[in-house]
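A.B. asks: Chain by chain, the residues run as shown.
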Amino acid sequence: MTSMVSDQSRGAAEFRDGARDILPPLIAAIPIGLVYGAICTAKGMSVVEAALASALVFAGGAQFAATELWANPPPVLALALSTLLINARHVLMGASLKPKARFGAATPFVVFWMADENWALAERRAARGPVTLAYWLGMAAPFYVNWITWTVVGAAGGALLGDPARFGADFAFTALFIGLVAGFWKGRSTGVTVAAAGVAAALVYRTLGSPWHVLAGAFAGMVAAAATTRGGTR
Amino acid sequence: MSLDPQALLAILAMMGATYFTRVVGFLLRARLDLSPRMQAAFEAIPAAVLVAVIAPSLLATGWRETVASLIAALAATRLPLIGVGLVGVAAIVTLRQF
Chain F
24 MTSMVSDQSR GAAEFRDGAR DILPPLIAAI PIGLVYGAIC TAKGMSVVEA
74 ALASALVFAG GAQFAATELW ANPPPVLALA LSTLLINARH VLMGASLKPK
124 ARFGAATPFV VFWMADENWA LAERRAARGP VTLAYWLGMA APFYVNWITW
174 TVVGAAGGAL LGDPARFGAD FAFTALFIGL VAGFWKGRST GVTVAAAGVA
224 AALVYRTLGS PWHVLAGAFA GMVAAAATTR GGTR
Chain U
10 MSLDPQALLA ILAMMGATYF TRVVGFLLRA RLDLSPRMQA AFEAIPAAVL
60 VAVIAPSLLA TGWRETVASL IAALAATRLP LIGVGLVGVA AIVTLRQF
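Chain order of the listed sequences is F and U. If you're matching positions, the first sequence starts at 24 in our numbering and goes up one per residue. If you're matching positions, the second sequence starts at 10 in our numbering and goes up one per residue.
Take these hints with a grain of salt, some might be off.
Said to hold, decoys possible - Covered stretches of chain U, as calculated for chain F (at least 3 residues, CB under 8 Å):
| id | region |
| --- | --- |
| 1 | 15-27 |
| 2 | 30-37 |
| 3 | 51-58 |
| 4 | 66-79 |
Simulated from the structure, these hints should not be mistaken for lab results. Predicted, not measured: the structure shown is a model, and the values here were computed from it. Positions of the beta carbon are idealized from the N, C-alpha and C atoms, including for glycine.
Chain U with its partners taken away, still in its complex shape (with noise of 0.2 Å):
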């Protein structure tokens, strides 16, 4: 049950820079008028920064990543999103027996 003065500081600082970066973006941005193309990629956020976030998975980890994601991704025609989870961790349990 200790806590060391220097790790409370660490963590305070580590929560000082995500909350930074979490309200920056609710101030930077007012109701300006942004050009189409500006538009677009203001669009493309939630996909853009979702796949940046697991490429390293999806294409950069091996085959059978690559593999269980295709199928994750084929079950995310038809699936509700926790249908998706469990065919994904499903397809990686099972390629990895190989």
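One chain only, chain F, in its complex shape (with noise of 0.2 Å):
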């Protein structure tokens, strides 16, 4: 009985972290979730459209890519295609995850909610131990119910937002993914991981265009790290 409690009590804990920890993503999607619904208004896609949109594919980057391929009738292959594209990342992101995560038999089911921004700070979080499930849906229940939320206002009336680069809120998540970076920073090897994703995903952005970047990216980062690593030479 008393360990009962005293494991609702830790995981109560650990869900009020996940809460805690997700908040400056969760506001820097704010303004993001205007603008996708606004964009999808204007696409031609209705509120519950944009809504759906938002609840079950809940990935940023794809919902923003498909609707610049969005049309009447939508191309369903294409779409499939991009979104597979775009969100192959989380593929390495999955793997990297899993070792340090405790989901047990949820898994399947809550992984459904991993998105770039509380993958990172999970990432951050296993430095200090396992990644439970009760900080895992700490973070994604606020920041899934809060993406549907400002996708609707936005489609509903985003058009009345004006340009989101105006307030600075397209640099949002950037300044917040080098915060998170330098969380990640363990000496030399990182700063070669860094410069090697960085350069790479920036010259195949130029070139071959998005969302090629952030593949490119991810395994130049990923090649150096392996190639300076001490430890396999030794």
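Could you fit the two chains together into a complex? Lean on the hints.
C.D. replies: What follows is the structure, encoded as structure tokens:
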């Protein structure tokens, strides 16, 4: 009985930690959700369709790319392929997080909520110990509801918002991701990874274009880390 | 309040593609012993993915974004995450006045 109570209170504390940690990306996602909703409306999607996209796909980058391809009727195969390619980074993210996560039998369900932001925070949390289901849900629940809510508000009236670049909203995630990368810093090896990933991604972005830069950058960073590791040659 | 059947189909296809990418990494990797090099490559994933995602803004958008990124990186050495976000946004808004 007492152990059940302490398990519950530990779970509640983990959930609260998750909800607290997700707050900066949650705030940054508000203008992005508004803009996404507004673009959906401008592309001829209904409010219901925009809300469903945010609720069922829940992947900002792929959703924005889909609005570029959206037509009447929407090209289903092209949209699926574009989404698959943009989200291919999730495979690496999942493989990296798996040994650090303790989601148990809930794993196949709760991986649905793996977005860049809560994944990165989970990776940061892993430095302190295993990532619990309660912590994961503490991040995912508010972030998910937030994304859907602001999509709907944006779709219903986001055209009134104006250009988000005016108040720097387009740069918020870049700044947050820089902060997260700094949290992962482990000396020179991280520097090598970051330099290789950044340069390769920027070059591929300028040549092949989006979304190839994400995979190119991720792989360049991994290869650079493997090539410069001392453990392999010793 | 309309929901077009083909729009629903497109959204469901996007959901399927996205869920597949999310679940497959968790299925792929059994707890096998990785070589030190593979280990290093896997440990590099968090930083490599995040930097790759923001690289266009960091290096290929304009000098203002690059400078604001440097300022955010500097802020990241001493501020918590929310502070880095605020400094970054303030920097880009200021730089865009020029």
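A.B. asks: Hint by hint, say whether it matches the structure.
C.D. replies: Against the structure, the hints:
1. For the region 15-27 of chain U, the stated coverage by chain F is satisfied: 13 residues place a CB nearer than 8 Å to a CB of that chain, which reaches the threshold of 3.
2. With a threshold of 8 Å between beta carbons, the proposed coverage of the region 30-37 of chain U by chain F holds, since 7 of its residues qualify and at least three are required.
3. For the region 51-58 of chain U, the stated coverage by chain F holds: 8 residues have a C-beta nearer than 8 Å to a C-beta of that chain, and at least 3 were required.
4. Counting residues of the region 66-79 of chain U whose C-beta lies closer than 8 Å to any C-beta of chain F gives 7; at least three are required, and the coverage claim holds.
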